[in-house]
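Student: With the hints as extra help, turn the sequences into a complete structure.
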Amino acid sequence: MTAYVVFIKDGVNDQAELDQYNAKAGASIAGHPLKPLAFYGPNETWEGPTAEGLVIIEFPDIEAAKAWYNSPAYQDAKVHRLKGASYRVMVTEGVG
Numbered sequence: 003m004t005a006y007v008v009f010i011k012d013g014v015n016d017q018a019e020l021d022q023y024n025a026k027a028g029a030s031i032a033g034h035p036l037k038p039l040a041f042y043g044p045n046e047t048w049e050g051p052t053a054e055g056l057v058i059i060e061f062p063d064i065e066a067a068k069a070w071y072n073s074p075a076y077q078d079a080k081v082h083r084l085k086g087a088s089y090r091v092m093v094t095e096g097v098g
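According to the numbering used here, the sequence shown is numbered sequentially starting from 3.
Calculated directly from the structure, the hints in this document are not laboratory data.
Treat the hints loosely; a few may be bogus.
[As the list claims (entries may be wrong)] Straight-line Cα separation of at most 20 Å, PhoX-like style, residue types lysine-lysine; simulated pairs:
1. Lys37 - Lys80
2. Lys11 - Lys26
3. Lys37 - Lys68
[Said to hold, decoys possible] Label pairs and their calculated CB-CB ranges:
4. Ala53 - Met3: 41 to 51 Å
5. Val97 - Ala25: 29 to 39 Å
6. Asp78 - Trp48: 12 to 22 Å
All C-beta atoms, glycine included, are put in the ideal place defined by N, C-alpha and C.
Tutor: Pasting the structure below:
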């Protein structure tokens, strides 16, 4: 069943670290079956705390999402995301 990884950026702590994350995260997608659906476009918060940005990535299933997220290339990038910004990250299955 299709899975979606959602990144919600709450705030930036260190732009230089976030720049390193962005460069490395982009390279981490090679060989993984993913499709970006939303990528830091304009957004409105209707309820809850305002988010600085939002990313939604589609995968064929949760196992494919986990394979990308746990890959050495993404884990190397993630170190910089954790230093550079405050995020909430989750995965969910689609319906049907």
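Student: Against the structure shown, which of the earlier numbered hints fail to hold, in ascending order?
Tutor: Result: hints 4 and 6 break, sorted rising.
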